[in-house]
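Student: Model the placement of chains W and F on the given structure of chain P, informed by the hints.
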Amino acid sequence: MFAYAARRILATIPLLIVATLGLFALESSVRDPVAELRVSCPRCDQVAFDRLIDLYDLDKPVLDLSNPAESRYVAWLGNVITGDFGSSTSQGENPVSDTVFTRAKNTMILAIPAFFVIASLATFLGVFSAVRQYSKTDYAITGLSFLGIAMPTFFFGLFLQVFWGIWFHDWFGMRPFFTSQMHDDSFVDLLKSITLPIVTLTLVVVATESRFIRASMLEVVHSDYIRTARAKGLSERKVIFKHALRNAMIPVVTIWALDFSALLGGSVVTESIFSWPGLGPLLLTAIFAADVNMVMAIILLISVLAIGFNLIADLLYGVLDPRIRIS
Amino acid sequence: MTEPVISFDDLSVSFPTDDGMVRAVRNVSFDVEPGEVMAVVGESGSGKSVTALAAMRLHPGSAEITGEIRFGGRDLLGIGEKEMRRVRGNGIAMIFQDPMTALNPVMKVGAQIAEMVLIHDDVSKKEAWTRAADLLESVGVPEPGRRVKQYPHEFSGGMRQRAMIAMAIANGPDLLIADEPTTALDVTIQAQVLEVMKTAQEATGAAILLITHDLGVVAGIADRVVVMYGGRVFESGSADQVFYRSQNPYTRGLMSSIPRLDAPKGERLIPIPGTPPNVLNPPSGCAFGPRCTFASDSCHESHAELMSVGFDGTHRSRCHKLAELPDLFAAAETR
Amino acid sequence: MPNTAIDLHQLEAEGLSIKPKSFGRQTWERFRRHRLAMIAFVILVLLISSFWIVPILSPYGVREINIQDAAQGVSWKHPFGTDPLGRDLMTRTMEGAQVSIYIAAVVALISTAIGTFLGALAGYFGKWVDALVNQMINLILVVPALVVLLVVGIKFGGSVNQVAFLVALISWITIARIVRGLFFQLKEADFVQAARAAGAGPGRIIFRHILPNAMGPVLVQITLVSGAAIILESTLSFLGLGVTPPDTSLGTLIAESKGFIDVTPSRVLIPGSILTLLVLCLNFLGDGLRDALDPATRKTRQ
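Protein chains in written order, with our numbering: chain P, 534 to 860; chain W, 14 to 348; chain F, 138 to 439.
So that you can see chain P by itself, here it is in the shape it has in the complex (with noise of 0.2 Å):
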């Protein structure tokens, strides 16, 4: 198993090195930083130039517009290598991972409630859409996941902000949360700012495993072990939950690994919709910024978190299932 997994990891880093190369070349090649300095300060002289040039590291040869992309990108590899990932253009003087730290503490304060929320309502609407087929739950539920799934993130979001922000007037409190005044923060008070960006956070996530799990699980009630099981004089729940249940779920937690990943790297819209200081919102001012380290930071964070869960979904494949051994 330890062998399996180290080849995977060995077989994903060409792609991640593919893939971050290209996102380096373009993020780094959209704007000229030095350009923009020289812009953005028209009266400065050029000991402050220099001096800006050296705070942001623009001088150096990952920055530094004149070297090629490859060499820079080789030159930004070097240094991620050693767990040097630059200085921030845009935000602040902080090292780029110590802001990503922060961001990405407050991104699991959302992901990880909205994880549990997203599988154990998937699984139930799921399983109990399956076992009750073609009723009206069932087409009720089906119908609903519909919707969820058409519906854009933004807009459900907007939505949510419309019927309890101005409709019902601040059940919620709309205002953006401060993570400085986390401290001061009532446990109620930080339930109150994270329950609207976590359902929206869930919808679409749970209309779409909803009908995976369906879709599962009717596969499996079909089945002719699940005769059996009814054969041997099984209570119906006994039958959906010790027989059918396990066997449904053994699909279900690739996508449950994905989908944590997915969480875990920060949502761009619901984040930035609730303006919830995590990662999504920083990586939009940063790729508007032109934020070359803290993009490539995010992006290579991602990246990781989704390889990583991937494999981790792979090896739990193998325990759920006798079928596969890995080896």
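If you're looking for bench data, these hints aren't it; they were derived computationally from the structure.
Heads up, the beta-carbon is just placed ideally off N, CA and C, and yes, glycines get one too.
There could be a bad hint or two in this list.
Stated by the list, open to error - Calculated from the model, a selection of chain W residues having no Cβ within reach of chain P, i.e. all distances over 12 Å:
id, residue
1, R70
2, E77
3, F109
4, V119
5, I285
6, L293
7, A343
Unchecked claim - Result set (SDA-like, lysine to any residue): computed pairs, CA atoms no more than 20 Å apart in a straight line:
id, chain 1, residue 1, chain 2, residue 2
8, P, K771, W, S315
9, F, K264, P, S768
10, F, K395, F, K264
11, W, K95, P, S768
Stated by the list, open to error - Just so you have them, the derived chain P footprint on chain W, three or more residues with Cβ under 8 Å:
id, region
12, 95–105
13, 126–139
Tutor: Same frame as chain P, but now just chains W and F:
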């Protein structure tokens, strides 16, 4: 006369589909006596499997079902779900067609057999596992102590079917329903599995209701035979009566379409012409009429009743031409 | 012979058609039975045609500024309200919806072409071709689609056609995967083996024998990809990295209205609802098509 283990009385099962009602089983009646092997023979679509599933009440929920299935002094179609669950696996156990898919792939074989014990018997988990290993041994699975801890995919097809049989006899049922138990297996394995079923029957004293399309399987093991076609019983009687003194054109057709080792040299196989009846739109008269060499106009108008052949009432057949059949068969043979 | 013709008619009248119905006809009949998909189809047609008809009938021009009527809510004069420049939002919304539909269509076209081509190559030839296409697919899966689009969008985004092309760059993957899987199955099918035995070359086998059989699932995917493209485009535009003014899409409209959400929520709710309805109809349509094209899935439902 002893009380039958199970008796089907005027059983009818219909399924609603997009294209109309499918009447899968039509007014089927027959008994299974204690300790005997009763074979239900028919092609696919004859209603034999639906009849078996109805006895376990495992037919699709949308089915409309009338008649009675009497087992242990009550009508299985009239009892509550909870009471029915006590019958399943305990009074009546079932062996399914495809052992490759009938076992839960993520549960150890021992756990699946032990579960059967635990549902109906108040024993410890450990005891149930010991019984599981004993049961596996009794159906001829070598090294049962090691095998109980394996998963179904580590078993061969024949071994899986043995495990299914072990599971089925775990609680000493009165009736064992085997739905095409050998169809999915290799020919060499088929004989072994039938042997195991016979041994298991002798050990538990259970009656067997064997559902099959394979007359070769029936010949070796059955005491009595019911032949079904188009959802109806076409002929019933002892294995000897149905095999050697059949009074039904369909059964005869079925016999002469299978190869036999004891057939006289030069005898040819005669396939039944045509295809089984359309379940949605069955022929108006006798279901076999369109394929029957002896059919006349009356056969296409109405279906015949099941009539006694001979004097003791044990041999019954459904045919408009029952009286003329001996002559017709003789004429056909000399031709 | 006139006699036979009459006989055929009689048989047909009794529901005993001798000529088997063509696959296309069977599919159409099954699709019509799928009531929800049929309703979705009708709504979709009405909706899309209204996007082009309403601006023609509207008394206001798309860019017609009218300061007296600025920033109004819903009224008889302006059913969708007006923006801060007094432009009629109904006309602008329809204009934006046209752009969204146009982008969805372009994305569907490009991603079907690329996806079918690469999927077919990978599935038919296997080996290194498959490995290469697979790596291309995995490459995009390493980084989430939206993130890639954001980074690429800031360099190449802006105009309607650019955005359509960007979204297509991501969308072909779904189609490629489906086509690849189908080709893997179908290349071993008996009729393909027969064609091969008859001496048909790979080009003929791919285009004449396998592709027609793969078109059904591809058609289903096209509807779903169009829906996803509408969502992706509007999300990009909402974040300011998709269609940017003076061009307008439904996402742009919502983006420019979100600051006024507490004053005139209708400016967000109306285009958002149209967006949702469009995607909903496309998805129902895809679902109905899937059932109609694959009788097996319907059967297992019973």
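Student: Of all the hints given earlier, name the ones this structure violates by number, lowest first.
Tutor: 1, 3, 4, 8, 9, 10
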